[in-house]
Amino acid sequence: MSAGVVIVGGGQAGLSAAAELRKRGHEGPITMVCDEPAPPYQRPPLSKAYLSGELPADRLWLKPEAFYETARIDLKLATRAQAIDRSGRSLILSNGERLAYDHLILAPGGQAKRPPLPGVNLKGVHVLRTLAQADALSDALKGAKKIAILGAGYIGLEVAASARKRGLEVTVVEAADRPMARTASPLLGGFFGSVHRGYGVELMVSTPCLGVVPDTTGSRAAGLELPEGERIEADLVLLATGLTPDIALAEAAGLACEDGILVDHQARTEDEAIYAIGDVARFHSPRYGRSIRLESVQNAIEQGKAAAQAIMGMDVSYDPVPWFWSDQYALKLQIAGLVDGADQLVRRGDPEEGRFAIFHLKEGRVVACEAVDSGPEYMAAQRMIERGVTPDPERLRSLDVAMREFLA
Amino acid sequence: MVKITYIEHDGTEHAVEATGGLTVMENAIRNMVPGIDADCGGACACATCHVYVDPAWTAKTGERSSMEESMLDFATDVQETSRLSCQIKVSDELDGLVVRLPEQQG
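Line order of the protein sequences matches chains F and W. The first sequence maps to residues 1 to 408 in this note's numbering. The second sequence maps to residues 1 to 106 in this note's numbering.
Be aware that a few hints might be false.
As the list claims (entries may be wrong) - Listed next, the stretches of chain F that the computed footprint assigns to chain W, with coverage defined by at least 3 CB atoms under 8 Å from CB atoms of chain W:
id, region
1, 38–45
2, 197–205
3, 322–336
4, 366–377
As the list claims (entries may be wrong) - Once the Cα atoms are required to be at most 16 Å apart in a straight line, the calculated EDC-like pairs of lysine to aspartate or glutamate come out as:
id, chain 1, residue 1, chain 2, residue 2
5, F, 23, W, 37
6, F, 332, W, 68
7, F, 332, W, 69
8, W, 89, F, 54
9, F, 63, W, 37
10, F, 142, F, 54
11, F, 76, F, 139
12, F, 123, F, 139
Source of the hints: derived by calculation from the structure; they are not laboratory data. Cβ coordinates follow ideal geometry from the N, Cα and C atoms, glycine included.
Modelling step: build the complete structure from the supplied sequences, incorporating the hints.
Written out as structure tokens, the structure reads:
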């Protein structure tokens, strides 16, 4: 009898791989080792509709309970993987149990970063990655008047918007000179900065944070400390400074890691029985000519499918056009492609009207598009990137030219 | 209870007892109807929950929103009755609803 597939991680990537294996006719056992107590759920709403109270917990589950039974997927919840025995092809759990595998898929995601600053472990200091952390943050928001958020990336800004919806005062402190500096163009970052300010968020850019300030008891956070003795007083603090991929298990097993677990176009590590997918996996993208690691739902789903298909002996070559989205206030931001390496930016539409798109061109080809409430631009851009379309920038700028025309 | 029938591209029917207040997409997921992917979880960001509403029901399922309209503009195999099922909320009014699924999502 085959030992089957063991998956480390109960997020969207792991589930996607498991579901795809069954869909493609895998007959052997499938076991998912999930360190969280909750069955696989959607993470994106945790900073958005779930946190603002518009979406109840029972609408977060990715699959109904019956799915796991029907698909014969053994979900081991609240269970940690301890070590990989590569020569023995088995995974050792923290309770000592040993799970033999034919194929091992690593999909552990990562941990919300706690920057190395004084006070980051005080009570009242939150991070947001898991459902339990979202519940803790949501509970803390209930009694609070003011939240200080460190980091103006997606999570920081989405929580800022959700907290404003719940009536809190919000201060966001960001070291870079604009929001979303790592992932978005200056124009888009600047736009979202002014949107947040318009909704009453105090947004401080180019502002390093020196640490979390304790209250008089010394055990609880009372705000953030800034240079020159300045302080942001707050009832609670959220650290939103990114994700550290969970590479410990892979590294200890001798697999090559470099800010992520290194995999090939089939999501396979250097050990042909071991795959890595989702937020933790770093791979070479021929499309972008460099190694990338994507933290997104799309990548979790698609790379999960790619690994499953490779295990089933199918010919796969994973090189996605990445896409991301963010909901802040009533605005929908959709990004296609990766925002780097462009030599020309073309704006279509007017930020003043709250509807516009920024096309990123490299040597004439569309490589990315940031779209604010601009569905046609976003959808067309996905296809333009895929096909390497070289639009005339003047026509692209003109709202009189329908997006369809660029795909004709 | 509200009854919704999902018909796969190959004709396979799935009649489900749907829960009001949730979307047509969420009811498909909860009842394991194959062919509705809903990658983005209902944020109207991916166009992978595309359905064709039976013509008898289009008046009751309402109009497409502008974001939905533009997502559908570029989806595959779009017809006049196409909707994103994450944007249709189930109510008693929709008891008996029939939707058909496209050959592929995306």
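Status of each hint after checking the structure:
1. 38–45: Holds: 3 residues of the region 38–45 of chain F have a Cβ under 8 Å from chain W.
2. 197–205: Violated, because only 0 residues of the region 197–205 of chain F bring their Cβ atoms closer than 8 Å to Cβ atoms of chain W.
3. 322–336: This one holds; 5 residues, not fewer than the three required, reach chain W with a Cβ under 8 Å.
4. 366–377: holds (count 4)
5. 23/F with 37/W: Given pair residue 23/F, residue 37/W holds - Cα atoms ~13 Å apart, limit 16 Å.
6. 332/F with 68/W: holds (12 Å)
7. 332/F with 69/W: holds (14 Å)
8. 89/W with 54/F: holds (14 Å)
9. 63/F with 37/W: holds (11 Å)
10. 142/F with 54/F: Holds: residue 142/F and residue 54/F sit about 15 Å apart, inside 16 Å.
11. 76/F with 139/F: This hinted pair is violated, its Cα atoms lying about 28 Å apart.
12. 123/F with 139/F: Holds, at about 13 Å.
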